[in-house]
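Residue numbers (my numbering), protein chains in the order written: chain U, 1 to 270; chain X, 1 to 270.
Take the hints with a grain of salt, since some may be wrong.
Since the list can't tell identical chains apart, any single copy or any two copies may satisfy a pair.
Claimed, not checked - Keeping only pairs whose Cα atoms sit at most 20 Å apart, straight-line, the calculated DMTMM-like set for lysine to aspartate or glutamate is:
(1) K160 to E144
(2) K137 to E161
(3) K160 to E177
(4) K160 to E146
(5) K44 to E205
(6) K196 to E144
(7) K137 to E27
(8) K249 to E185
(9) K44 to D251
(10) K92 to E128
(11) K160 to E79
(12) K160 to D24
(13) K137 to D242
(14) K44 to E247
(15) K44 to D269
(16) K49 to E208
(17) K92 to E208
FYI, nobody ran anything at the bench for these hints, they're computed from the structure.
Number of protein chains: 2
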Amino acid sequence: MAAWGERLAGVSGVLLDISGVLYDGGEGGGAAIAGSVEAVARLKRSRLKVRFCTNESQKSRADLVGLLRWLGFDVSEGEVTAPAPAACLILKQRGLRPHLLVHDGVRSEFDQIDTSNPNCVVIADAGEGFSYQNMNKAFQVLMELENPVLFSLGKGRYYKETSGLMLDVGPYMKALEYACGIEAEVVGKPSPEFFKSALQEMGVEAHEAIMIGDDIVGDVGGAQRYGMRALQVRTGKFRPSDEHHPEVKADGYVDNLAEAVDLLLQHADK
Amino acid sequence: MAAWGERLAGVSGVLLDISGVLYDGGEGGGAAIAGSVEAVARLKRSRLKVRFCTNESQKSRADLVGLLRWLGFDVSEGEVTAPAPAACLILKQRGLRPHLLVHDGVRSEFDQIDTSNPNCVVIADAGEGFSYQNMNKAFQVLMELENPVLFSLGKGRYYKETSGLMLDVGPYMKALEYACGIEAEVVGKPSPEFFKSALQEMGVEAHEAIMIGDDIVGDVGGAQRYGMRALQVRTGKFRPSDEHHPEVKADGYVDNLAEAVDLLLQHADK
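Here chain U stands alone, though its shape is the one from the complex (with noise of 0.2 Å):
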């Protein structure tokens, strides 16, 4: 399926989501997606510039990092672009003190946070600490404010695990949005600050950039928006009606990262 593959041409710089496109999460860390610890070699040997992209707010960059490099991947802590260090910058430019409803695997990146008598509320894949009374506390906060401030670190539906799939941030976004009639701002996929951020990290224009992902809206079609091209791959959350998405079109569909790197080392020089 390569006669879109002229889409390829000129692209110098490759975003990669990394659940559903490197590995799937799961029971004892999870299992890299056939073929993409290979995908990824071969690309970072490539001339192309290779950045990670990932709304992953359950572990810290450093945790992820380590379980990518124990499964086998050439990544490291420098090369990802991550939800809750980009929460942080904001928190601290913006003199907010949030009320954290996160994981306990990603609370060490707010470290450095001051969480006294919060004026915001910060939400993120919290996973089974989803409980009806951690997020009524988070509502109880957002209620108590004048102003009330939610981030959330991605708005995505669910992803995938080895045992199946899963409900992520967004759901959970949705539910305080409702509850205290206010919206959400999104720090993440697809918010075009976050795909910003990413290319100045690799130095490459968004038309000069691609991103490949499982995600039909927050990845392909954020990236999109923002003036990338994307790829989505036919692995992780990828359901068969993506392909036929009311809002959004892939520039290309691929199995895997493998093929996808088969077809950027063939179009992407010329």
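Fit chain X to the known structure of chain U by using the hints.
Then chain X, alone, in the frame of chain U:
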């Protein structure tokens, strides 16, 4: 504040919301709102017809009535319109087998319903039952269905317990709607079908009826859209900003049910 009292002329039937109007739930069952026991008694001694119209979905109708009677209210099961029995009727009519995400207290209402091999999901105010695991299970059931059907018993944003504001079923309905890309069918206020049942059971036309509730959207807005008049009480989940709601304006605002009944008994006959 009886300047708007004349709007009550010609009322012959009164629908009373329960939580936040008659009592506030909470530890030990909750507490009657001052003056409400006597106000209900006075209404029932008057020539006005009275019916209770609730979105309560944590308790069976029998348990709710038991609690109200224990708090001193003159009320019987036959006088209460509640969403769980309404949902059972719909499930039977449409041959649907629900996966239930509901509070244990209301499960008995579904005793006669086949829940094997589910082909829809019913959510209600599950309270602590809204764990990540239970939400994820409901999500997975919906995602497995070719035509996912979600019923929500009400869509309230929150309610008030003696200990503070608590998330209602609405935010969790929104979460599942977003996660699955679907729209729920609401059984309960503000659904027109629900007000229709309550009015039929009371034997009063919409233009002769008034709703008294603490929820500006679910009670007041819903009733008005169905052609009824509606008062908001400043008890329960009422917040001062409700009196300047961008979309809904009650026919009148009263401090509590006792004041509403005073005005009704003064003006309804005229």
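List in ascending order the numbers of the hints, as given earlier, that are violated by the structure. Structure breaks hints 6, 8, 9, 10, 11, 13, 14 and 17.
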